[in-house]
Amino acid sequence: MYQLINHSRAKFKQAVALATINLKSFPHRAIASSVSILSIACVAAVILSVLAMTQGMVKTLERTGLDDTLIVMRAGAVSELQSVMFPVEVNILANNKQVLKNSDNQAMVSAEMFVNAEMSHIDKSGEKHIEKLALRGISKNTYGFRPNFNMIAGEKFKTGLRQVIIGQAIARKIPTLTVGTTITLGGARWLISGIFTDNNSVFESELWADIGMVQSDYQRGNTLQSVRLALKANTDIAQLNQEWQDDPRLNLRIMLEKQFFANQAENLTRLIRWIGFPVAFIMALGAMIAALNTMYATIASRSKEIATHKAIGFSAFSICFSILIEALLIALVGALLGILPLYFIFDGWTASTQDANNLSQMMFNFELSMDLIIQTLLFSITIGLLGGILPAIKAMRLPVTVALRDN
Amino acid sequence: MQTNNPNKIAIQLKKINKSYQKGSNNVVVHDNFNLSIAEGEFVALMGPSGLGKSTLLHLIGGLDLPTSGHVIIDDQRIDTLSEGKLSIWRAENIGFVFQSHHLLPVLTAQGNVELPLLLTPLDSKQRKQHASLALRLVGMEERANHLPKELSGGQEQRVAIARAIVSDPKIILCDEPTGNLDRKTADEILTLLAALNKDYGKTIVMVTHDLRASEYASRVINLEQHIEEGKQSQLSAVEVNS
Chain B
897 MYQLINHSRA KFKQAVALAT INLKSFPHRA IASSVSILSI ACVAAVILSV
947 LAMTQGMVKT LERTGLDDTL IVMRAGAVSE LQSVMFPVEV NILANNKQVL
997 KNSDNQAMVS AEMFVNAEMS HIDKSGEKHI EKLALRGISK NTYGFRPNFN
1047 MIAGEKFKTG LRQVIIGQAI ARKIPTLTVG TTITLGGARW LISGIFTDNN
1097 SVFESELWAD IGMVQSDYQR GNTLQSVRLA LKANTDIAQL NQEWQDDPRL
1147 NLRIMLEKQF FANQAENLTR LIRWIGFPVA FIMALGAMIA ALNTMYATIA
1197 SRSKEIATHK AIGFSAFSIC FSILIEALLI ALVGALLGIL PLYFIFDGWT
1247 ASTQDANNLS QMMFNFELSM DLIIQTLLFS ITIGLLGGIL PAIKAMRLPV
1297 TVALRDN
Chain L
5 MQTNNPNKIA IQLKKINKSY QKGSNNVVVH DNFNLSIAEG EFVALMGPSG
55 LGKSTLLHLI GGLDLPTSGH VIIDDQRIDT LSEGKLSIWR AENIGFVFQS
105 HHLLPVLTAQ GNVELPLLLT PLDSKQRKQH ASLALRLVGM EERANHLPKE
155 LSGGQEQRVA IARAIVSDPK IILCDEPTGN LDRKTADEIL TLLAALNKDY
205 GKTIVMVTHD LRASEYASRV INLEQHIEEG KQSQLSAVEV NS
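Line order of the protein sequences matches chains B and L.
Numbering of the first sequence is given in the working numbering, commencing with residue 897 and proceeding in unit increments.
Numbering of the second sequence is given in the working numbering, commencing with residue 5 and proceeding in unit increments.
Hints listed in this document are in silico derivations from the structure and should not be mistaken for laboratory results.
Worth double-checking, as some hints may not be accurate.
[Claimed, not checked] Partial list, computed: chain L residues near chain B (C-beta under 7 Å): (1) D68; (2) S91; (3) P120.
[What the hints assert, rightly or not] If you want the footprint, here are the derived chain B segments under chain L, 3+ residues with CB under 8 Å: (4) 917 to 930; (5) 1195 to 1204.
In this text, all values refer to a predicted model and were calculated from it rather than measured experimentally.
Just so it is clear, CB atoms sit at the ideal spot from N, CA and C, and this is done for glycine as well.
Make a model of the complete structure from these sequences and hints.
Below you can see the structure in the form of structure tokens.
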């Protein structure tokens, strides 16, 4: 007769031994567990997609805008597209003492035009493609407000000519748009003179051209839509705002550029979360029920085996634990089945969405970072554990005499 | 081999009442049942179906608890133990052999026999040695690496017996161990159990319908008769007292 050790470490050892034996027979139950595995895989894929999409968008918008730059638009406008401003207003703003001056003693101001443009181009096979893209009319000063701006192909557009430079995100999404390609914007033909990067910011989803040419082609006269101002350090924004609000010549809304894009990110991600997470939640419930069913079926088919373990002397805890381990394994296999294809196919993939504010496309990268993968894994495992806990308790309470007698 | 004291009572069931609820009916399985089995006995519990033979085996093995009464094994009351303590007690003291061997299909004969040793402090090498020894005792050492599906019914039952004895329990409880076997194989299994009783001093309680069991067991208890005798002695006791 062997003396057993009755302490928690021994119980845990027992549980692990039993779980190992159960795992050996898992391949026999893999097909029966496939519904559960697939359900969890779908949930993991949806959750990870929503998280990756949200993270991709947030990061793209977070990389956009500067902390010390003020964006000014017409009062009431929530986006540049909705705003209209006049040169006289730009002059008043530029003359404010809080606005920084460059080495030529000129105010650091960038007046910009923003158009939701229909861009068409013909590819090599002669097929015509139409895309809604953001066309930004800029001046030379604008480059001073884009410290991460960098030309990666071709050259900057020339003032007074119908030339555009395109963001890298557009070039990646539409590979036929290369330097030297001609596109149609607003009924006129424009030449792509270069491709630029801007630290993967939202600006990489835009076409930039000479503001004068854009105003002319889109018949906007001398109006513009937004103004960017570089401010002196420690400028009291609230006081500046009050000053301009009190000026009867102005009717403006001001905001730090960084804050402006952060708000846009919040609006976009809220929309995705409102749609994505309820869908994922309902799917998670379904997956949990599938896991529950699978584990109940497993226990029913193995009741004699479990009863034999109990008769031999395995504790109720070790039996419960071994069932939970199996539920965990199902969840883990399901989660990996959902995550891995997504990771290998979509990590870094450029997706686009319609920016609700600007009505043009915003491109962003799916970012399947390790923390998102771990979050998804944990969520899937939780589903598996929740689905396994009731069956595990049932197995723990299984009446041995009934299970053994049932021949 | 264990040294037995034939005068020492190994198993004692005292005033056992066992009933269970079936729907709205209370089904009485045992009413004031008494039984004593000495150390080193090989007892065959026989009788018609429905008398509660398996229930007795489950009570002795701590798989079930009496509604009232005492189950005393080796001077220890086990009917008062918690479920956790009963598990440990079973692992230390009892070996079970079932009619359907209940071997794990994914484990080899060796693996199945090692199973109860997972509850002991033995390391992997020691477990293997002990399991090999148990398999040798039941004549299955050459089939150690076979899966249950590669074994015959008799061989599977031998492996189940090896599993029951591997942790060297004092008591082996067998529930219809020959129920699924042909005559020749059943005789082999009964011979094996008798050898474990005689040569290794195991106390064996076997529930069986097999009439040949009496040739192997040291005592045959016909449960129907035993219950009747119990009732008579109770009546006599009442008459004497009155």
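Now for the hints, and whether the structure bears them out:
1. Interface restraint check for D68 of chain L: the shortest CB-CB distance to chain B comes to about 5 Å, inside 7 Å, so the restraint holds.
2. Restraint check, S91 of chain L versus chain B: the minimum CB separation of about 5 Å is within 7 Å; hint holds.
3. A least Cβ separation of about 5 Å between P120 of chain L and chain B falls short of the 7 Å threshold, and the interface hint therefore holds.
4. Residue count for the stretch 917 to 930 of chain B with a Cβ under 8 Å from a Cβ of chain L: 4. That meets the three needed, and the coverage hint holds.
5. Only residues whose C-beta sits within less than 8 Å of a C-beta in chain L count toward coverage, and the stretch 1195 to 1204 of chain B has 4 of them, enough to reach three; the restraint holds.
No hint from the list above goes unmet by this structure.
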